[in-house]
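K.L.:
Starting from the structure of chain S, add chain Y where the hints point.
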Amino acid sequence: MAGDGYGLQGFAVPEGVEDLHTLLGRAGAEHPDLDPSDLMLFETAVIEIANNVVEHGVPSGQVRWRFTLHVRPDQLEATLSDSGEALTDGFDPTMPDVLAEEGRGLPLAHAILDKIEYTRHDDANHWRMVRRRTPDDGA
Amino acid sequence: MQIEQSEREGVVVLTTSGRFNMVSAPRMKARIDETVAAGNPRIVVDLSGIEFMDSSGLGALIGGLKTARQASGDLRIAAPGEQVVTVLRLTNLDRILRPYASVEEAVNGW
Numbered sequence: 001m002a003g004d005g006y007g008l009q010g011f012a013v014p015e016g017v018e019d020l021h022t023l024l025g026r027a028g029a030e031h032p033d034l035d036p037s038d039l040m041l042f043e044t045a046v047i048e049i050a051n052n053v054v055e056h057g058v059p060s061g062q063v064r065w066r067f068t069l070h071v072r073p074d075q076l077e078a079t080l081s082d083s084g085e086a087l088t089d090g091f092d093p094t095m096p097d098v099l100a101e102e103g104r105g106l107p108l109a110h111a112i113l114d115k116i117e118y119t120r121h122d123d124a125n126h127w128r129m130v131r132r133r134t135p136d137d138g139a
Numbered sequence: 001m002q003i004e005q006s007e008r009e010g011v012v013v014l015t016t017s018g019r020f021n022m023v024s025a026p027r028m029k030a031r032i033d034e035t036v037a038a039g040n041p042r043i044v045v046d047l048s049g050i051e052f053m054d055s056s057g058l059g060a061l062i063g064g065l066k067t068a069r070q071a072s073g074d075l076r077i078a079a080p081g082e083q084v085v086t087v088l089r090l091t092n093l094d095r096i097l098r099p100y101a102s103v104e105e106a107v108n109g110w
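Respectively, the protein sequence lines represent chains S and Y.
For the record, in the first sequence the residue sitting at position 12 is 12 according to full-length UniProt numbering, with numbers rising by one throughout.
For the record, in the second sequence the residue sitting at position 105 is 105 according to full-length UniProt numbering, with numbers rising by one throughout.
It should be emphasised that the hints constitute simulated quantities derived from the structure, not laboratory data.
Glycine residues also receive a C-beta, built at the ideal position from the N, C-alpha and C atoms.
Hints may be right or wrong, so weigh each one.
[What the hints assert, rightly or not] With the C-beta cut set under 8 angstroms, the calculated list includes, among others, these residues of chain Y facing chain S:
#: 1; residue: Val11
#: 2; residue: Val13
#: 3; residue: Leu14
#: 4; residue: Arg27
#: 5; residue: Asn40
#: 6; residue: Asp54
#: 7; residue: Ile62
#: 8; residue: Gly63
#: 9; residue: Glu82
#: 10; residue: Val85
#: 11; residue: Leu90
#: 12; residue: Asn92
#: 13; residue: Leu93
[Unchecked claim] So the derived label-pair ranges between C-beta atoms look like this:
#: 14; chain 1: S; residue 1: Thr119; chain 2: Y; residue 2: Arg95; range: 44 to 54 angstroms
#: 15; chain 1: S; residue 1: Arg132; chain 2: Y; residue 2: Val85; range: 14 to 24 angstroms
#: 16; chain 1: S; residue 1: Glu117; chain 2: Y; residue 2: Arg8; range: 43 to 53 angstroms
[Claimed, not checked] Footprint (simulated), chain Y over chain S, 3 or more residues, beta carbon under 8 angstroms:
#: 17; region: 26 to 35
#: 18; region: 49 to 62
#: 19; region: 66 to 77
#: 20; region: 93 to 101
#: 21; region: 122 to 133
The following block holds chain S by itself, in its conformation from the complex:
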């Protein structure tokens, strides 16, 4: 029987984002009861947070990360921890103007997730992401 916990670690680079896609796909394949839409939305949010680390992590290309995912009966939970410098700009969930060409990543993740927390401790950044699953009997 498949477990409910998944994890990986590596460098916060575009290839690492591909690894996250693969891991989330595996979690979905091993949990056929998981609503594909729940997984799709959660994956979208996770990738946006990961992109943010890749794009803004300092020192660029040398930041390491550790990702953990738990498929709970009632929710999906993930943590992305990275060794980069502390986030200094804060976290603005406001969606930018429709003609803006950037700045939608974190607002998009915020719109999808039921909980998104950023903390800094032990010389690392930690993003905790939670989305409640659609109840099986909710259809």
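P.N.:
Here is chain Y on its own, set in the frame of chain S:
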């Protein structure tokens, strides 16, 4: 991401597949810019083969839309899957990038 180019009734169709993300978005934006610069400001992006789009992909489409409109053309998107439709809706971009059901519909409606 793969990008294939064709032409229908004076409209350039860019058929894409794979993941439209931070890696492929700059390449797609450059392709749109080149297409407009070559005198083809009416563009349809066929998204039917896109399995995943992130906000970088959205940014490339918005940038391409602006480039096309500045050249008196337009950029339309066709046949997006569920994930793409969802990110368009959550970011309010479906207001200015209204998805067409098919490439044919996008081209015919010009």
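K.L.:
So, as I understand it, the hint says Arg27 (chain Y) touches chain S; can you test that by seeing if any CB pair is closer than 8 angstroms?
P.N.:
Check failed: Cβ of Arg27 (chain Y) comes no nearer than 13 angstroms to chain S, outside 8 angstroms.
K.L.:
Is 44 to 54 angstroms a correct range for the gap between the Cβ atoms of Thr119 (chain S) and Arg95 (chain Y)?
P.N.:
Since the Cβ atoms of Thr119 (chain S) and Arg95 (chain Y) sit about 35 angstroms apart, the hinted range of 44 to 54 angstroms is violated.
K.L.:
Verify the interface restraint on Val13 (chain Y): the C-beta must sit less than 8 angstroms from at least one C-beta of chain S.
P.N.:
violated (23 angstroms)
K.L.:
Does the nearest C-beta of chain S fall within a distance shorter than 8 angstroms of the C-beta of Glu82 (chain Y)?
P.N.:
Because about 7 angstroms separates Glu82 (chain Y) from the closest Cβ in chain S, which is inside the 8 angstroms limit, the hint holds.
K.L.:
If you check the beta carbons of Glu117 (chain S) and Arg8 (chain Y), does the distance land in 43 to 53 angstroms?
P.N.:
Holds, at about 49 angstroms.
K.L.:
Any CB of chain S closer than 8 angstroms to the CB of Leu90 (chain Y)?
P.N.:
holds (5 angstroms)
K.L.:
Val85 (chain Y) was flagged as interface toward chain S. Is the shortest Cβ-Cβ separation under 8 angstroms?
P.N.:
At 11 angstroms from the nearest chain S Cβ, Val85 (chain Y) fails the 8 angstroms test, so the hint is violated.
K.L.:
Just to be careful: measuring from the Cβ of Ile62 (chain Y) to every Cβ in chain S, is the smallest value less than 8 angstroms?
P.N.:
With a closest approach of 5 angstroms, the Ile62 (chain Y) hint holds.
K.L.:
Classify the hint on Leu93 (chain Y) as holds or violated, based on whether any CB of chain S lies nearer than 8 angstroms to its CB.
P.N.:
holds (6 angstroms)
K.L.:
At least three residues with a C-beta closer than 8 angstroms to a C-beta of chain Y: is that true for the region 66 to 77 of chain S?
P.N.:
It is violated: at least three residues are needed, and the region 66 to 77 of chain S offers just 0 whose Cβ sits closer than 8 angstroms to chain Y.
K.L.:
Regarding Arg132 (chain S) and Val85 (chain Y), is the given constraint of 14 to 24 angstroms on their beta-carbon distance met?
P.N.:
holds (21 angstroms)
K.L.:
Given Leu14 (chain Y) as an interface hint, is its Cβ closer than 8 angstroms to any Cβ of chain S?
P.N.:
At about 18 angstroms, which exceeds the 8 angstroms cut-off, the nearest Cβ of chain S leaves the hint on Leu14 (chain Y) violated.
Hint check: violations occur at hints 1, 2, 3, 4, 5, 10, 14, 17, 19, 21; the rest are consistent with the structure.
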